[in-house]
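S.K.: Chain by chain, the residues run as shown.
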Amino acid sequence: DQQVKQNSPSLSVQEGRISILNCDYTNSMFDYFLWYKKYPAEGPTFLISISSIKDKNEDGRFTVFLNKSAKHLSLHIVPSQPGDSAVYFCAASVFRGTASKLTFGTGTRLQVTL
Amino acid sequence: GAVVSQHPSWVICKSGTSVKIECRSLDFQATTMFWYRQFPKQSLMLMATSNEGSKATYEQGVEKDKFLINHASLTLSTLTVTSAHPEDSSFYICSEQLAGAYEQYFGPGTRLTVT
Chain A
282 DQQVKQNSPS LSVQEGRISI LNCDYTNSMF DYFLWYKKYP AEGPTFLISI SSIKDKNEDG
342 RFTVFLNKSA KHLSLHIVPS QPGDSAVYFC AASVFRGTAS KLTFGTGTRL QVTL
Chain B
247 GAVVSQHPSW VICKSGTSVK IECRSLDFQA TTMFWYRQFP KQSLMLMATS NEGSKATYEQ
307 GVEKDKFLIN HASLTLSTLT VTSAHPEDSS FYICSEQLAG AYEQYFGPGT RLTVT
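Going down the list, the sequences are from chains A and B.
Residue numbers for the first sequence follow the numbering used here, so the first one is 282 and each next one is one higher.
Residue numbers for the second sequence follow the numbering used here, so the first one is 247 and each next one is one higher.
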């Protein structure tokens with residue numbers, strides 16, 4: 282049962298344009314969402330997160346939007362740069378006090394072209 | 247964010263042998279560490295949650311006798327793959343998390359190849 286889904290396995294965007302990566306979830310108990318960036322043969326790097334009480338969080342070129350009613354979140358990267366080319370994972374969590382597990386999506390490979 | 251190291255970054259072993267992977271927190275004493283594995287072009291699958299001084303909590307379907315986890319100190323957790331088989335070949339990644347936080351910070355991963 283895939284509780285977090287990224288339906289686009291890949292995305293190609295021109296440098297300077299906006300990249301939009303999408304993520305859907307099914308578990309209404311999730312109360313925190315995160316985006317990670319991953320290069321091959323490396324561990325994921327934390328990018329940005331959002332609490333379920335918000336609908337938008339911005340950090341530099343990265344903005345995450347959350348639509349709770351649709352159980353959908355998206356990551357916007359503006360402007361896209363060649364160095365952004367990587368696999369992006371969304372993750373969701375339920376607060377459990379001392380340790381909160383993350384459920385990851387399947388990832389979207391972003392390629393930013395010149 | 248936090249800094250996590252893993253050792254080794256890459257290991258090849260023969261079928262039937264055991265391999266130990268170390269995960270160290272370099273800048274803060276993590277309350278909880280997690281172990282994941284990732285198959286090519288697939289998502290990260292949580293294997294177990296590790297807390298200092300207590301037994302690890304394994305996810306459903308993960309054999310605890312095969313994947314031994316020890317968390318002897320706040321900064322070090324180890325994963326031992328016992329009696330490794332070719333199907334255990336994968337990318338193993340650890341992460342750390344402070345108590346009460348959601349964010350996890352990941353190590354660089356360990357590529358295990360069992361021949």
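If you're looking for bench data, these hints aren't it; they were derived computationally from the structure.
Source: prediction; values computed, not measured.
Careful, some of the hints might be misleading.
[Said to hold, decoys possible] Derived lysine to any residue pairs resembling SDA-like cross-links, with alpha carbons at most 20 Å apart:
1. B:287 with A:282
2. A:335 with B:349
3. A:319 with B:249
4. A:382 with A:341
5. A:318 with A:338
6. B:260 with B:301
7. B:312 with B:331
8. A:318 with B:331
9. A:382 with B:333
10. B:266 with B:287
11. B:287 with A:289
12. A:349 with A:287
13. A:318 with A:287
14. B:301 with A:355
15. B:266 with B:344
16. B:310 with B:287
17. B:287 with A:330
18. B:310 with B:349
19. A:286 with B:249
20. A:286 with A:310
21. A:382 with B:298
22. B:312 with B:295
23. B:310 with B:345
24. A:382 with B:301
25. A:318 with B:288
26. A:286 with B:268
27. A:318 with B:306
28. A:349 with A:390
29. A:382 with B:360
30. A:337 with B:349
31. A:335 with A:319
32. A:319 with B:298
33. A:382 with B:260
34. B:287 with B:360
35. A:335 with B:347
36. B:287 with A:338
37. B:310 with B:324
38. B:287 with A:390
39. A:286 with A:330
40. A:286 with A:340
S.K.: If you check each hint against the structure, which ones fail?
M.R.: Numbers 4, 6, 8, 9, 10, 14, 15, 16, 17, 18, 19, 23, 26, 27, 28, 29, 31, 32, 33, 36 and 40 - these are the hints that the structure violates, sorted from lowest upward.
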